[in-house]
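Which chain is which? The protein sequence lines are A and B, in order.
Taking the working numbering, I'd label the letters of the first sequence as residues 4 to 148.
Taking the working numbering, I'd label the letters of the second sequence as residues 3 to 86.
Bear in mind the hints are in silico, worked out from the structure with no lab data behind them.
Take the hints with a grain of salt, since some may be wrong.
[Stated by the list, open to error] Quick list of simulated restraints, FRET-style, between CB atoms: (1) A:D145 to B:E18: 19 to 27 Å; (2) B:S52 to A:D120: 52 to 60 Å; (3) B:S6 to A:A109: 43 to 51 Å; (4) B:E61 to A:S17: 28 to 36 Å; (5) A:Q141 to B:E61: 23 to 31 Å; (6) A:A138 to B:S52: 23 to 31 Å; (7) B:S52 to A:S73: 41 to 49 Å; (8) A:D120 to B:A34: 24 to 32 Å; (9) B:E42 to A:E6: 39 to 47 Å; (10) B:E15 to A:V14: 25 to 33 Å; (11) A:F112 to B:E4: 48 to 56 Å; (12) A:R108 to B:E69: 29 to 37 Å; (13) B:E41 to A:E6: 39 to 47 Å.
The beta-carbon is built from N, C-alpha and C at its ideal position, and this holds for glycine as well.
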Amino acid sequence: MIEIPLVTAKVLDSSLIRSAVQTDESGAVIIFEGVVRNHHEGHSVIRLEYEAYVEMATTQISHVRDEILSAFREREIYEVIIQHRIGALDIGDTSLVVAVSAAHRADAFEAALQAVDRVKETVPIWKKEWSVDGAQWQEGIDPKP
Amino acid sequence: MEISVQLFAGLREVMESDLLTVRLDQDLVSVASLRQALEEQYPKLRPYLSGVAIAVNEEYILSDESELTDGDSVALVPPIAGGS
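Could you put together the complete structure from these sequences and hints?
Here is the structure:
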């Protein structure tokens, strides 16, 4: 199996992640990409800079994967891979990939959505937003481990 | 006992450092007493501490009664904003 770093400063390669979750039993593969957009709460955004507590973010992403596999253990979810990018990202760049393979599409969609939500709730990553007025840390949420 | 505390993002910028050292008289220290020592020894942190989670060895600490031991890896985790 390919070794995929869960937190990386390199460009995320969703096709590589897709091949890593694909199994012969899978009837559905969901690839979710979180992408940097050009606006946030009514103002324009030029780029984002993500910072992580890399060791802990890696641990927490592993927990999310385990949590999803465990929550869906009766429902033929085969693999979950989550990868988060850090560093400076431009509009349109992918910051997060969540990939899920499952026997059936409904389970795959649900597991992927839950995985994305849990990443946002638990992984220690911060983003600084750059706009024409300068840079500021985006207001985050209290972690919900 | 001396504990090194890692800082990230906005907290790192406020403190102009990614690592703080906290000195405590006791050998056994709870997360609550670490918070108190941080407040006393780093007044600039005060406005932020109540909104900050504490992580020990890469896990969130859910109870301030949890105890720290020598060599623990401690970090302050301000509100998070990962994902897209």
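Results of checking the hints against the structure:
no.: 1; hint: A:D145 to B:E18: 19 to 27 Å; verdict: 25 Å, holds
no.: 2; hint: B:S52 to A:D120: 52 to 60 Å; verdict: 25 Å, violated
no.: 3; hint: B:S6 to A:A109: 43 to 51 Å; verdict: 47 Å, holds
no.: 4; hint: B:E61 to A:S17: 28 to 36 Å; verdict: 29 Å, holds
no.: 5; hint: A:Q141 to B:E61: 23 to 31 Å; verdict: 24 Å, holds
no.: 6; hint: A:A138 to B:S52: 23 to 31 Å; verdict: 25 Å, holds
no.: 7; hint: B:S52 to A:S73: 41 to 49 Å; verdict: 33 Å, violated
no.: 8; hint: A:D120 to B:A34: 24 to 32 Å; verdict: 30 Å, holds
no.: 9; hint: B:E42 to A:E6: 39 to 47 Å; verdict: 45 Å, holds
no.: 10; hint: B:E15 to A:V14: 25 to 33 Å; verdict: 26 Å, holds
no.: 11; hint: A:F112 to B:E4: 48 to 56 Å; verdict: 49 Å, holds
no.: 12; hint: A:R108 to B:E69: 29 to 37 Å; verdict: 47 Å, violated
no.: 13; hint: B:E41 to A:E6: 39 to 47 Å; verdict: 42 Å, holds
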